[in-house]
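Asker: Residues per chain, in single letters:
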Amino acid sequence: MNQRKMGDLLPRLIPILAVLLALLVGAVMLALLGTNPWEAYRALFIGAFGSTNALADTIVKATPLLFVGLGICIAFRGGVLNIGGEGQLVTGAIAATAVALAVPTWPGWIIVLMSLSAGMLAGAIWGGIAGLLKAHLNVNEILSTIMLNYIAVFGMNYLLRGPMMDPLQIKLGSFTPQTARLPRSVDLPRLIPTRLHLGAAIAVVLAFAVYVLLWRTTIGFRIRTVGKNLRAALAAGINTKRYMVLSLLLAGAFAGLGGAVEVLGLHHRMFTDGSAFGFTGSAGFNGIVAALFGQLHPIGTIPAAFLLGALLTGANKMQRVMQVPSALIGALSGLIVLLVVGSEIFHRRQIRRADKRNSELEDAVDAKEDS
Amino acid sequence: MNKVLSGFVLVALIVSSIAIIGMATPFKVAFVTPSTINDSAWSQSMYDALMTIQNEMGEGNFQFVYSENMFVISDAAAAIRDYASQGYDLVIAHGSQYGGSLVDIAPDFPNTAFAWGSTANTFSDQGITNIFSYQPYSEQGGYVNGVLAAKLSESGIMGVIGPIETGDAKRYTEGFEQGVMATNPNAKVSVTWTGSYSDVSLAAETARTMIKSGADVLTGTSQMVIGAIGVAKKEGAIWFGYDVDQAPLAPKIVVSSVIVDWTVALRPMIDAIQSGTMGGTVYDLTLANGGLKIAVNAEGLVGKTIEGIINGDIKVGE
Amino acid sequence: MTWAVIVGILSSGIRLATPYLYAAVGETIGQVSGVLNLGVDGVMLMGAYVAFFVALRTGSLSLGLIAGAGIGAMFGLIMAFISVTLKAEQGISGIGLYLFGLGLSTFLFGVTIKNVQTIDGFPDLAIPALSRIPVIGEIFFQHNILVYVAFALVPIAWFVLNKTPFGLKVRAVGQNPEAADSLGVNVSRVRYLTVTLGGMLSGIAGASLSIALLNTFQQNLTNGMGFIAVALVYFGGWRVSGVLLGSLLFSTVNAVQLWLQVKGVTIPSDFLLMMPYIVTILVLAAMANRRVNAPAALNKRFERGES
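Protein chains in written order, with the working numbering: chain A, 1 to 371; chain B, 1 to 318; chain C, 1 to 307.
Hints in this document: simulated from the structure, not taken from any laboratory. Computed from a prediction, not measured in an experiment: that's the story for all the values here. Cβ atoms here follow ideal geometry from the backbone N, Cα and C, with glycine treated the same way. Be a bit skeptical, because a hint or two may be false.
Stated by the list, open to error - Example chain A residues on the side facing chain C (calculated, C-beta under 7 Å, incomplete):
(1) ALA135
(2) ASN140
(3) ILE142
(4) TYR158
(5) GLN323
(6) PRO325
(7) PHE346
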């Protein structure tokens, strides 16, 4: 019995060992730079968890990762790969901003609801385009979502330096590509006196909603069936094309909502530095990482997004304290991803062994799906 | 008893105030910037200016730290807030995209001064008193480059490569066009925006396309122009620089560079902060106040001519 | 439009297509064997950085090129180890590889070269006789050596994949690894080879930027080109010829939009900049009925002895 417990525990510890190994590699590089690795990592830890403010920043950073990650959970379960999180975040944010600026005098909560819905809708459309292209015109979603990311960014640049530019910027002659500040009535409430806003709570609630959607509804069952076994789904009479579109549409909707929440909760305006990164902070990619660390399970994605947010937030603090290029942490987070996904093999072996033990009881297909 | 106590307090006060004056805590600046401090453009120009001031004032009196690569706005906001909470005297948010965050942060830290640019907006209209701003009149430098360009161009066709049509890049480009037109009304300036500050490859191909369509003089803004400079160097087109002296990148073809000398804004800003004014001033950087300078490439034609006259290789007026 | 304009645009298109070709052909070989590597951009950045660094320090472009190819192969090897030996989820491994390459190249640049510098890269090499042919000569035969090699790679890769025993193995491993395994093909070894080769080509793609086309390095020099290269593999339907067409289409449309901007067309630049991306999607959508022979085992882990 004890041995079995050990056997269960070890694979769970392996991702943590992988992170430690990556940090060790980083420590060697820091030492080569002449920086004290211990001090550097202390700064990283303090920057992520060291104070209320740091913790709030970590959660703020994790919020868009969770939104994108939830969408990724749906898309992956539905058998589609959504690399379009960046573009979907941007379209969602732009739509939310446009709506809030259009009706600034309406009651705040109405604008907030309209604005968030607009963001969600815009993201859904951006994801849905990729879905329709895949289902009906045989255009692979990896290609279309990559291209749609660029199209969204150029569209954003056009709107922000043109029709949506803050009139004040034109008056001052600075021509900074950003919109006016949104009416204060639409600011999402702060949870504590830091930057932490309601968006984080919305994301967590939605994580449970996604869980219910995927495992407690017929729609979710069909999405998963299409993703797991296309032929079986066809044989069962499921309209597979419709569910492919739906998966990408939902993935886009969550990312779009994430973009809208970033605007209403954090920035209170939309801006561009020419790329998507300035606004998204690569959440479109990091969200994929968060979802996969979370085993493609919406509830698992919550702590995964939090940890990734902590790492990214702490990295910036480390740069400030130690004057170490933050790119080092970018490299380390890549290494952590590689080591963690690489180490999952032990987890899978574990499951296979369990399968053999309980082969009469457990349906092998189900176990594979959970891996 | 009371007298003894008050005498003791008095002595303590004097001693501690002497100690404070004697220690002369250095002026501490934190600098948050979107690209890297070695980008040969926007960020480097500010980094160089801070280094200059540190050399002038001495490390004991002036210290600065930086956060580079802060292209993610919410990361930059976290950095700005963190620096302010650590009691830095001045936090420079070196990018017009950071303004939105400053409005939220500055009121929480009345003892810290903030500065940002390029803009003329100090948010004093919103009752905020601890934000400075700085704004280079890039169009002035652009005009000078434009006049020179028009004189040097044989084909009468010139190209400008910019990132997105906004901010400093837009102002520099408009100034350049004006300068060209004032000198040669028949000249043609073609302007291309690559849609990115960092797409070196597209900047390079733009330069090639321009040269193919007859341009023999090129200029441009942002860190991606390194690609265009490379092409100009290969094809023998003339280049005019912006932000920092770009002559070292291609000594043979760079005629002059418009340099933004941020020390012109930083010096009075530091003085103001030390005398208790925490914000509200817009510092213009112009040719008139030396905030904009034209760096003539010493190895280029103009520089060689000047050097020749000075050392007597070129005889003038004989 | 005059001939000169067309010549200019087409020759731009060919130059712009070069890095995409290396990277996308490399990615095609890997994907045909069943391995999706989303990390191409990161590998390109490492290739670009290492090639530039070596060329700058040794003064030898050839050494730089070899070093760029070498680091690319090393990154390919890492990807192979993670996706083949450790059987990790391929999509996420690729994203990890991308983040690793992006971070590491930026970091190393910051601590070794520090300031943006330029070098004299591979010079343009006009091919004797051929370059004299009017129009054609100027479009095709006045480029640097890495441009020629990229285009020479297309028929070579096609031949190897379709006409050699090795190519047959690669395709078999990508279509049905279980069957290939039962016929005695070493699935892991084939995939190790293809993914490492793919990485090497991505490394060369990066080097073609830093020491031949742009002759400089700065952080994120590729600006997402590696992702476009992955997209082009799908565009080409896993055929090398399709990848060639896709690269040329994307790059030529880009050259056209640059030319339109230079000519001062009054359409806002942002819309012109969108063109290559929109056209690529539209062209692919218009060919909806084409036959695509997708590697059936792509992005699936292969466990020996299973099923």
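Asker: Which hints from the list above does the structure break, by number from lowest to highest?
Answerer: 1, 5, 7
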